[in-house]
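Engineer: Single-letter residue listing:
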Amino acid sequence: MFSNFDFEVIVRSLPYLFYTGMAFTLLLTALATIIGIIVGTMLALMRLSGTTLLTLPATAYVNLMRSVPFVLMIFWFYFLVPYIGQWITFSVQPVKVGAFASCLVTFTLFEAAFFCEIMRAGIQSIPRGQVAAAQALGMTYPAVMGYVVLPQAFRNMVPVLLTQTIVLFQDTSLVYVISVTDFLGAASKVAQRDGRLVEMYTFAACVYFVISFAASRAAQVLQRRLAVIR
Amino acid sequence: MSGMIDIAGLSKWYGPTQVLKDCTTAVAKGEVVVVCGPSGSGKSTLIKCVNGLEPFQKGDVSVDGIPVSDPKTDLPRLRARIGMVFQHFELFPHLSVMRNLTLPQIKVLRRGAEEAKQKGMRLLERVGLSAHAGKFPGELSGGQQQRVAIARALAMDPIAMLFDEPTSALDPEMIQEVLDVMVALAKDGMTMIVVTHEMGFARKVAHRVVFMDNGEIIEDAPTADFFGKPRSERAQLFLSRILQH
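Protein chains in written order, with this note's numbering: chain D, 550 to 779; chain X, -4 to 240.
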């Protein structure tokens, strides 16, 4: 039954699929995760600060991001960011941002909202006594957070953070809406060009599965190694 | 007002509930004071006011002449000079025993890594745990963890030590090893406030006993007087309940 299929097309297009497509997918995933966790942690600290001036904007931001479809965000940012750039820099024309930068900004800002909620739960899972002990030793707020609370919160949340990253990895395929070529986009182009839709989409699905599955197993192993003995 | 720790007219409310009522006492340099009383009487809250872990609404607390509630006071700096030991140890579980001892020295007192390590090792020897320096807190027994916690507090060269029910979370067979460390510390002349139900410890090393009930200091007497003939009925009742076995 496979006589009608041409799996050669996959081999022929491998360099394009991986060097162009997958490279973009992984780079976007990695950068959005790293920056997203940093921004998300800051948002979480704002939400937990107890100061309305900080809590309110952070809460509003998180709720806004979580209430808007992601595809809409990608679209909206792609068309809006050049105008925001123009407004900030007082230039005559909209600033040229480029598709990659636009994607990175969108993914980072969007993921930051989710990472914020994960880190907030992680910080709240640390017993108050730990904070009291750190304060009693004379540590200031940044030291308490930096050396005592966040390292423990981060370890506790590694599995959830990685699960979110795997979701992000799959979500990167949404960049097709602004015609950016990620892994799925590359597979799709080859499929259309050579008329090999079944082969290419099956292959793409397998690759996404293998990477996501391997990553979630790795997350489990990592969790066991990082787990804090109590 | 010449004590190491002065507490004057201290009152504290949680919402409408008053948890400390006009508490006044003082601890001189080198003095060991045991605070006892029924649970919920405000003992822990009282000593947490001493290093500003608990804010209070009325009265004054000062340590070495520095007012704790004064907004101009550098609270972290003052806390660094007051050691505190908690009921649940509160060692940092993600750090090794040695790192628990060196981190505050390095980050708060700005000591060099080598100096902090030597100091940490000396204190671990003092509490009899130098063989466990590389372990993590979760690998130690409760008694050992509490001794590490005492060593961690001592590594900061405190001018006074606060103990918040240091043996309450321990299995009975581990209580003695912690008390031994505390007795040795008291005999070395450390200024100490100890919230505890260990009346044997109080008898042995305390200079004074403060008895609290319902957020009030009911009795504040030299140890011999307190155990000999407590003046208040509530203290008598408390002692008869706690000492009958």
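Keep in mind that the hints are not guaranteed to be accurate.
[Stated by the list, open to error] Simulated coverage check for chain X against chain D, where a stretch passes if three residues somewhere in it have a Cβ under 8 angstroms from a Cβ of chain D:
| no. | segment |
| --- | --- |
| 1 | 82 to 92 |
| 2 | 98 to 106 |
[Unchecked claim] Computed spacing ranges between beta-carbons, pair by pair:
| no. | chain 1 | residue 1 | chain 2 | residue 2 | range |
| --- | --- | --- | --- | --- | --- |
| 3 | D | 572 | X | 130 | 20 to 30 angstroms |
| 4 | D | 678 | X | 209 | 23 to 33 angstroms |
| 5 | D | 772 | X | 178 | 41 to 51 angstroms |
| 6 | X | 152 | D | 772 | 37 to 47 angstroms |
| 7 | X | 152 | D | 572 | 48 to 58 angstroms |
| 8 | X | 232 | D | 674 | 53 to 63 angstroms |
[To be verified] Non-contacting residues of chain X with respect to chain D, defined by C-beta distances greater than 10 angstroms in every case (computed):
| no. | residue |
| --- | --- |
| 9 | 46 |
| 10 | 78 |
| 11 | 116 |
| 12 | 121 |
| 13 | 125 |
| 14 | 148 |
| 15 | 194 |
| 16 | 200 |
| 17 | 218 |
| 18 | 231 |
The set of hints was computed from the structure by calculation and includes no laboratory data.
For glycine and all other residues, C-beta sits at the position ideal for the given N, C-alpha and C.
Engineer: Just pull the numbers of the violated hints for me, sorted ascending.
Structural biologist: The structure conflicts with hints 3, 8, 9, 10 and 14, although it agrees with all the remaining ones.
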